[in-house]
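Please build the complete structure, drawing on both the sequences and the hints.
Protein chains: 2
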Amino acid sequence: MRTLIKNVEIVTMDSDNHYYPSGVILFSGDTIEYVGIEQNLPANLNENTEKVKEIDGRGMLALPGFVNAHTHSAMTIFRGYADNLPLWEWLTTRIWPLEEKLQPGYTYWLSMLAAAEMISAGVTAFSDMYMFMTDTAKAVEDSGMRAVLARGLMGPDDQSEQRHKEVEELAEWRYRAEGRIHMMISPHAVYTCSPEYLKTCRKLAEKYQTGIHIHMSETAKEVADCVREYGKTPVRHLYDLGIFELPVAAAHCVHLTDDDMDLMAENHVKAIHCPSSNMKLASGFAPVDKMIERGITVALGSDGAASSNNLSIFKEMSLASLIAKGYTGNATALSAETAVKMATIMGAKALMLQDEIGSLEPGKKADIQLIDMSGPHYYPKEDPLVHLVYSGYSGDVDTVIINGKIVMEHRKLTTIDLEQVYREVDNVARKIK
Amino acid sequence: MRTLIKNVEIVTMDSDNHYYPSGVILFSGDTIEYVGIEQNLPANLNENTEKVKEIDGRGMLALPGFVNAHTHSAMTIFRGYADNLPLWEWLTTRIWPLEEKLQPGYTYWLSMLAAAEMISAGVTAFSDMYMFMTDTAKAVEDSGMRAVLARGLMGPDDQSEQRHKEVEELAEWRYRAEGRIHMMISPHAVYTCSPEYLKTCRKLAEKYQTGIHIHMSETAKEVADCVREYGKTPVRHLYDLGIFELPVAAAHCVHLTDDDMDLMAENHVKAIHCPSSNMKLASGFAPVDKMIERGITVALGSDGAASSNNLSIFKEMSLASLIAKGYTGNATALSAETAVKMATIMGAKALMLQDEIGSLEPGKKADIQLIDMSGPHYYPKEDPLVHLVYSGYSGDVDTVIINGKIVMEHRKLTTIDLEQVYREVDNVARKIK
Numbered sequence: 001m002r003t004l005i006k007n008v009e010i011v012t013m014d015s016d017n018h019y020y021p022s023g024v025i026l027f028s029g030d031t032i033e034y035v036g037i038e039q040n041l042p043a044n045l046n047e048n049t050e051k052v053k054e055i056d057g058r059g060m061l062a063l064p065g066f067v068n069a070h071t072h073s074a075m076t077i078f079r080g081y082a083d084n085l086p087l088w089e090w091l092t093t094r095i096w097p098l099e100e101k102l103q104p105g106y107t108y109w110l111s112m113l114a115a116a117e118m119i120s121a122g123v124t125a126f127s128d129m130y131m132f133m134t135d136t137a138k139a140v141e142d143s144g145m146r147a148v149l150a151r152g153l154m155g156p157d158d159q160s161e162q163r164h165k166e167v168e169e170l171a172e173w174r175y176r177a178e179g180r181i182h183m184m185i186s187p188h189a190v191y192t193c194s195p196e197y198l199k200t201c202r203k204l205a206e207k208y209q210t211g212i213h214i215h216m217s218e219t220a221k222e223v224a225d226c227v228r229e230y231g232k233t234p235v236r237h238l239y240d241l242g243i244f245e246l247p248v249a250a251a252h253c254v255h256l257t258d259d260d261m262d263l264m265a266e267n268h269v270k271a272i273h274c275p276s277s278n279m280k281l282a283s284g285f286a287p288v289d290k291m292i293e294r295g296i297t298v299a300l301g302s303d304g305a306a307s308s309n310n311l312s313i314f315k316e317m318s319l320a321s322l323i324a325k326g327y328t329g330n331a332t333a334l335s336a337e338t339a340v341k342m343a344t345i346m347g348a349k350a351l352m353l354q355d356e357i358g359s360l361e362p363g364k365k366a367d368i369q370l371i372d373m374s375g376p377h378y379y380p381k382e383d384p385l386v387h388l389v390y391s392g393y394s395g396d397v398d399t400v401i402i403n404g405k406i407v408m409e410h411r412k413l414t415t416i417d418l419e420q421v422y423r424e425v426d427n428v429a430r431k432i433k
Numbered sequence: 001m002r003t004l005i006k007n008v009e010i011v012t013m014d015s016d017n018h019y020y021p022s023g024v025i026l027f028s029g030d031t032i033e034y035v036g037i038e039q040n041l042p043a044n045l046n047e048n049t050e051k052v053k054e055i056d057g058r059g060m061l062a063l064p065g066f067v068n069a070h071t072h073s074a075m076t077i078f079r080g081y082a083d084n085l086p087l088w089e090w091l092t093t094r095i096w097p098l099e100e101k102l103q104p105g106y107t108y109w110l111s112m113l114a115a116a117e118m119i120s121a122g123v124t125a126f127s128d129m130y131m132f133m134t135d136t137a138k139a140v141e142d143s144g145m146r147a148v149l150a151r152g153l154m155g156p157d158d159q160s161e162q163r164h165k166e167v168e169e170l171a172e173w174r175y176r177a178e179g180r181i182h183m184m185i186s187p188h189a190v191y192t193c194s195p196e197y198l199k200t201c202r203k204l205a206e207k208y209q210t211g212i213h214i215h216m217s218e219t220a221k222e223v224a225d226c227v228r229e230y231g232k233t234p235v236r237h238l239y240d241l242g243i244f245e246l247p248v249a250a251a252h253c254v255h256l257t258d259d260d261m262d263l264m265a266e267n268h269v270k271a272i273h274c275p276s277s278n279m280k281l282a283s284g285f286a287p288v289d290k291m292i293e294r295g296i297t298v299a300l301g302s303d304g305a306a307s308s309n310n311l312s313i314f315k316e317m318s319l320a321s322l323i324a325k326g327y328t329g330n331a332t333a334l335s336a337e338t339a340v341k342m343a344t345i346m347g348a349k350a351l352m353l354q355d356e357i358g359s360l361e362p363g364k365k366a367d368i369q370l371i372d373m374s375g376p377h378y379y380p381k382e383d384p385l386v387h388l389v390y391s392g393y394s395g396d397v398d399t400v401i402i403n404g405k406i407v408m409e410h411r412k413l414t415t416i417d418l419e420q421v422y423r424e425v426d427n428v429a430r431k432i433k
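Chains A and B supply the protein sequences, listed in that same order. The letter at position 365 of the first sequence is residue 365 when you use this note's numbering, and the numbering goes up by one with no holes. The letter at position 369 of the second sequence is residue 369 when you use this note's numbering, and the numbering goes up by one with no holes.
Simulated from the structure, these hints should not be mistaken for laboratory data. Fair warning: there could be bad hints in the mix.
To be verified - Across the chosen pairs, the derived CB separations fall in these ranges:
hint	chain 1	residue 1	chain 2	residue 2	range
1	A	ALA265	B	ASP240	48 to 54 Å
2	B	GLY329	A	THR192	18 to 24 Å
3	A	HIS268	B	ASP240	55 to 61 Å
4	A	ILE37	B	GLU172	51 to 57 Å
5	B	GLY105	A	HIS268	54 to 60 Å
6	A	ASN330	B	ASP158	35 to 41 Å
7	B	ASP158	A	ASP56	53 to 59 Å
8	A	LEU98	B	GLY329	25 to 31 Å
9	A	LYS412	B	ASP158	56 to 62 Å
10	B	LYS207	A	ASN17	54 to 60 Å
Note that the structure is predicted; figures quoted are calculated from it, not measured. Note that beta-carbon positions come from the ideal geometry of N, C-alpha and C, so glycine has one too.
Written as structure tokens, this is what we have:
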């Protein structure tokens, strides 16, 4: 099955920043065949006996699907449940006690709710760290999304063995759902994992030939505690434990020293910036401009809906640029274009999927969003990325394609029965709240 | 003509914070008659011979229309035109040269574009400071919006006389359009108006028995220059000139001393917080938490589309809360409820219209927005204000009523022909860009 999106404005986010005021995108099955002006379409298009489905992209901007590089998808159940609290109190008095009541099966519906929200906001791939990950894998399969899943690990403690069993079960889902399911290994953070246990996690990642997804230097308290206990920052601590010998995607990275950032750059550690979570929980402002200057890949993450309340990368993209300017006092810091890169190709790199997704170019997977640019907030026409970052919002995403399949068409989800999801989420809420 | 909105969740924002999980709003002509549960509806409803129009509010949240307390509506023409520049360079090298080319008549269409954008985002009233204000008055009349208009004044210089003539012309529009048009006097700022001229503006405001709308302490440079020239901050300078003896709405208020804030509180000066403009132009973070603590009314403004790129108060409301938490390091700073107050009743106070708008209660004007809360980003159901501020976006506004008239119904504008506005804005762009 081949599909042709016609008459569409295209921002490819490829390495040459190709841009087409009006062009076409042709994909076959799950893979992009051609992106460019219609006149240069491969000549064999109509010779092929296969029927070509056409999508009219008039008034739309085609952009790679957004990548939500750090979330805890099942935490949608906690959205708005415990606001106005600092991180530690929030975790210990509100979230953790409820999490103890979660059961296998529940999280499928909570992740389906997250998938519905993410697709509605143009997110086509996400990186998840949580529990009951085979539930989430099933939700990824059914919703049509692409994901890198990781069982959150802490320890050692009396549940470590059970958690490792869950890692094994998750590994059975790897590459399933037409190749949309991937995995990483996720030690939670330096304050919940001993040095020995972090080495165990490293071995696990080596066993599965994958990378590490970890919370790093999120709060001033985390850094101060680490310095007190180990005589060094979390970044230096992880480096010394050999964690950075593997690919690492580190969420938050708010409180970093220059030495930390140098270590991250030298070791190709990817940062995942979560501005709304960092502001809402008063964790602080991450030095994104300094990381970008050093050549560090900085992706964007919404964090879980319990902390940031929503899973929209559109919002994080806007915040990332605005905060960087406000925080540095430099109005030229973190341009709109950089913010869109963080939301797309840099996100793909953090997920180790840069060869598959993150830009619109032949050979990559057809993970595409069409954004309706006809609203008055996008007028007059100027640089579409500037309009997107400073004026846009999630509701402008009109159509979403993942792995060549339309998962939302004109704002209607095609893979998810939202009413059913709401009913099942209410069931879970009744059981645990 | 009476209208009844039924089965709707209602956040009144009245002084008792009345909230109805499911209620009704009855309005007659331009005025609200009843807000509350359906059972207590006035008994005479059906005795009246007038037909009652019904609106089904199922799945919707009714909220007072948002107030955009500081904007330059005609600057929509500059949206995305000059990004990534600091304030002074941006004004002098990009905006002012183009503004010189604006002509009477042009700004009508630029303000119509702004009105379309604001209505689409749930804004029902705005406070404008710019030139060719009778154009904007006509746009307010035609779009159905409510506005407080002010001709921006600088001086004295050789154009002061012409500007004062424009103030007189604007005064002829006052109270027209079913009473939706109001006016204030707007000296631009302490760095563009001499002390003598500020006193002239004060006299003008006294003549028209209205208040002052001014930019105040927006940048560190403005404050430093004022201290160098007059030996005091802009706030103290304005106080000493007697400006605070009138009602004052001061936009930005980013760089304030404790003494400044005390002066503002004592003199009931209203602040208008413009977070996205202040971040995008790297002006800084306003001490909103400290102002609120002192009892200062803090409204929200989008600023012009040239600086902040859009006119959505939804976005400013979310930013105000998030930034306050991030900036103060206190996760309990500026709650969602306070942010919504800033967007509604505090905005009404800044516009001197608190007796007319800003809350849903009998006797006030029917300026109402219905927000579609059926999306996955609002699930599960919790405090609607928390969901709005941290998860919501402008596109969720479904229906907007101003002065009892439906100006947007299910996302369709009823008073504005958007295609015509786009054509006319393109004409202006061709002439000046």
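### Query
In ascending order, which of the hints set out earlier in this document are inconsistent with the structure?
none
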